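S.K.: Mind docking chain F on chain Z? Use the hints.
Residue numbers (our numbering), protein chains in the order written: chain Z, 13 to 210; chain F, 730 to 1354.
Note that these hints are calculated values from the structure, not bench results.
Possibly wrong hints are sitting among the right ones.
Derived SDA-like pairs (lysine to any residue); straight-line CA-CA distance at most 25 Å [to be verified]:
id, chain 1, residue 1, chain 2, residue 2
1, F, Lys1008, Z, Thr42
2, F, Lys766, Z, Lys159
3, Z, Lys185, F, Lys1008
4, Z, Lys176, F, Lys766
5, F, Lys766, Z, Thr42
6, F, Lys1008, Z, Arg80
7, Z, Lys194, Z, Thr82
8, F, Lys802, Z, Asp169
9, Z, Lys176, F, Lys802
10, F, Lys1008, Z, Thr82
On the chain F side, residues computed to face chain Z include the following (Cβ under 8 Å) [said to hold, decoys possible]:
id, residue
11, Asp907
12, Lys1002
13, Arg1004
Remember, predicted model here, so these are calculated numbers, not experimental data.
Don't be surprised by glycine CBs; every beta carbon is placed ideally from N, CA and C.
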Amino acid sequence: MRKTFLTLALLGLVTLSTAPAKAGSAVGDTAPHFKLTALDGKTYDLADLKGKTVVLEWANPNCPVSSRHTREKTMIELSKQYGEVVWLGVNSTNPQSGDYMKPADELAWNQKNGINYAVLADPTGATGHAYDAKTTPHMFIIDKNGKIAYNGAIDDDPPGRKAKAQRVNFVGKGIDAEKAGKSPDPASTRPYGCSVKY
Amino acid sequence: MTLPKTAPFSAAVAVALLALLTPRPALGAASEWSVNKQSQVRLITAWKVAPKNGELWMGLQFRLSPGWHVYWKNSGDAGFPPAVTFQPADVLGKPELLWPTPHRFDLPGGLVAFGYADGVIYPVRAQIGPAEEKQQKGTEGTAGTGETPGEILKITADLDYLVCQVDCVPFRYTLTLDQPWSDAPESDPETAPLLQAELDRLPRTTAEVAGVTTGAVLDAGRAEGPDLEIRVLGVHAEAGKTDLFLETNNAFDAGRPRMKIAANGVVFHVPMKAREANKPLPGRTPIAWTVSNLVAKDGRSFNLESQRDVEVWTKNGGPAGGAKPQPAATPGRLARLLLSALLGGALLNLTPPVLALLVAELFVLRGAGERGRVREGAAAATTGIVGSAWIVAGLALAAHRMGLPAGWGAQLQEPVVAALLAVAAAVLALNLWGVVEVPLAPVQGEGAASTSRHLLAGLFATPLALAWPVPLLQEPVGYALSRGPATVAAVFAVVGFGLALPYLLLAAVPVVPVPGSAERWVPRLREGLGFLAGAGAFWVLYALSHQVSAEGLAGIELTLLAMALLAWLRHREGSGRAFRAALAVGLLASAAGALWLADRNRLAPRPAVSAPTTVPRGTLSTSGG
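Looking at chain Z on its own, in the form it has when it is part of the complex (with noise of 0.2 Å):
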């Protein structure tokens, strides 16, 4: 009986330790999957960037939180800084928002401001919610096994006070951390800005 007991304890371990991580967007997570098509009418699929390090970020150009980064060049400097990087845009804004822009207006302002990199349409809002996505911006950091490294705010200066040097930046930081094979430190931050138009 007591060796049954044991057994069984001992089979819960092993399975427990053997077991893969489930998806979710808790930091060491597995980052759950998507595809999606880019406003360009590209398909981005999760799976297959494995092996890279990926960046998230969700963003809606009528956030104006959102866009004062735009306009400073937060994203735009720190996707070519690291440009290793997938760097990935995300919009989750509901059609029916007041914030939607159809994707081909989407990209031309996005051309105009200078963001070059890819921005995803998630119009019906479940990668957004497969992410816990809660605020544009929003910034999640996949590592190269397809975990969840980084979950939360861009930088430590929501209202944008700082001299933008003066800002830590947690994306930078935790991409740095991924090179050095560390873990990001903070893993993870109370992201901030408008909420995300679902």
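M.R.: Chain F in isolation, oriented as in the chain Z frame:
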């Protein structure tokens, strides 16, 4: 772009915009309004003439267009709270923004925001230093107005805020105010009441509202995900009005709270989500919260804020600690917990009232002489102890289910239970002194102690032991309560066996006759043991001194004395049946009086951690200083 569109050029807005374009500082207690389509904001102070020392009260006053809101310190899923810096920093230091009780705003996609609609004043407290040179720097010596000659303090507030409906718009303003100040301060009749009203509505702490207690535990061992349970007791809550707002936490994200109104308060359950799944959970985590729209026992409504270092329970029922979460209930852990339950139970025998009862009982048992009787008596006592342990287990479980604090040691935090324990210890003392003939441990020579009497003595042992917060028992009992009735029954049974260990040992060893002239010294020993029981009563009274007011405690002590007096009268003079019955009724009434006094005079316990800043009432209502 949803930048603010130009407002219709109504005269008022035009004037306000003009004021914006040519910012000129207002004199006195309020800056000009800064106006946009979504909101208006100004800086106010409570003073016509501000004090040059001590606290300087200011406020950021917002008026919001219908549908728009600004944020609480935790903005919720989106947004961010206002950020402000004040000048001159060398005079004002780092003023502190206080946060009125927020409201909940539901956003599309199940998102939620916490903040304020219509209007709000964020009170700001600045501490003006006494240093004279400080004052010189930031001020201009001016003639001032005719009535308030003196100096002017130029206050500026650099403010950033986000105002949202579903859309959000950020704004940045510099609010300026020329504040006359002198050593003869005078409050402003318009702004001081506005600020005071907001200060009066700020959340209170448990220390400020009599009879309110809070508790919280984060159960991270549930299959459905971690659950934060927050209890607020000693209040009335109202469905649809009372709400819980959690401040941010580094380790967990919070979901939507569910509220359950209990008989004596309210219990919230909040689904939590660990933010980093690849890290061990912390053993404890600081959780701060505000509960809105509560009604205190005296009928006044209030908001409550509280902060606790909350224990995080993992699957194995214990605190998470640094270690990797273990799989459910390993046999080793269970064995260890049961062992500490047994040891803890045995240790309880050393606590004064239990020891008094035990020694008295053991002598009666020994006096029984033949081995068979001893064994029978010991078995009866053990049965009694385990039985009463189970009764206590049932009560603890019921308390836990009702959302009351339960766990070994929690009973002393409830004044009525503590008073009952004091009465029990006092009754035992009186019994040992021979003035109360409760058939617990009958005096030697009353013939063979019957089995039922030993059973009763056993039943009495666990309640007596309840007054002792033995640390060894806290973990097993806490674990058991987190697991369910079967584990609770098992753990309490083991505690009972621990408590009964001396009886079991006695039954096992061969009988040695009591030495010497037992008739003479055993009664004396009994009386001596009465003092030990008395010590127990005093200990519980000491514990009660943290739970009830000084007057209440004095009252309870007097009821105990009255009990002793009545018992003594009954013992000495109680010849008539009616008289004896009347005295017995008086005795019971005194005991009941002790419980009643404990309930009536309860205090809120001291807060577990340093209370958040509190605002004295009436701070601003007086002028002059």
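S.K.: It remains to establish, for every hint, whether it holds in the given structure.
M.R.: How the hints compare with the structure:
A C-alpha spacing of about 14 Å is found between F:Lys1008 and Z:Thr42, which places the hinted pair at or below 25 Å, so the restraint holds. Our distance criterion of 25 Å between C-alpha atoms is broken by F:Lys766 and Z:Lys159, whose separation comes to about 44 Å. In summary, the hint linking Z:Lys185 to F:Lys1008 is supported, as the alpha carbons are separated by about 19 Å, within the 25 Å threshold. Between Z:Lys176 and F:Lys766 the alpha-carbon distance is near 29 Å, which puts this suggested pair outside the 25 Å criterion.
Taking the CA atoms of F:Lys766 and Z:Thr42, the gap is about 44 Å. The hint is violated against a cut of 25 Å. Our distance criterion of 25 Å between C-alpha atoms is broken by F:Lys1008 and Z:Arg80, whose separation comes to about 34 Å. Of the supplied pair hints, the one linking Z:Lys194 and Z:Thr82 is violated, its CA atoms being roughly 29 Å apart against a limit of 25 Å. Under the criterion of a C-alpha separation no larger than 25 Å, the hint pairing F:Lys802 with Z:Asp169 is consistent with the structure, at around 15 Å.
Among the hinted pairs, Z:Lys176 with F:Lys802 is consistent with the structure: their alpha-carbon atoms are about 24 Å apart, no more than 25 Å. Restraint check for F:Lys1008 and Z:Thr82: the C-alpha separation of about 33 Å exceeds 25 Å, so the hint is violated. Look at F:Asp907: its Cβ only gets to about 25 Å from chain Z, farther than 8 Å, so that hint breaks. The beta carbon of F:Lys1002 is positioned within 8 Å of a beta carbon in chain Z (closest approach about 7 Å), and the interface hint is therefore held.
The interface hint given for F:Arg1004 holds, since its Cβ lies 4 Å from the closest Cβ of chain Z, which is under the 8 Å cut-off.
Going down the numbered hints, you'll see the structure goes against 2, 4, 5, 6, 7, 10 and 11, while the others check out.
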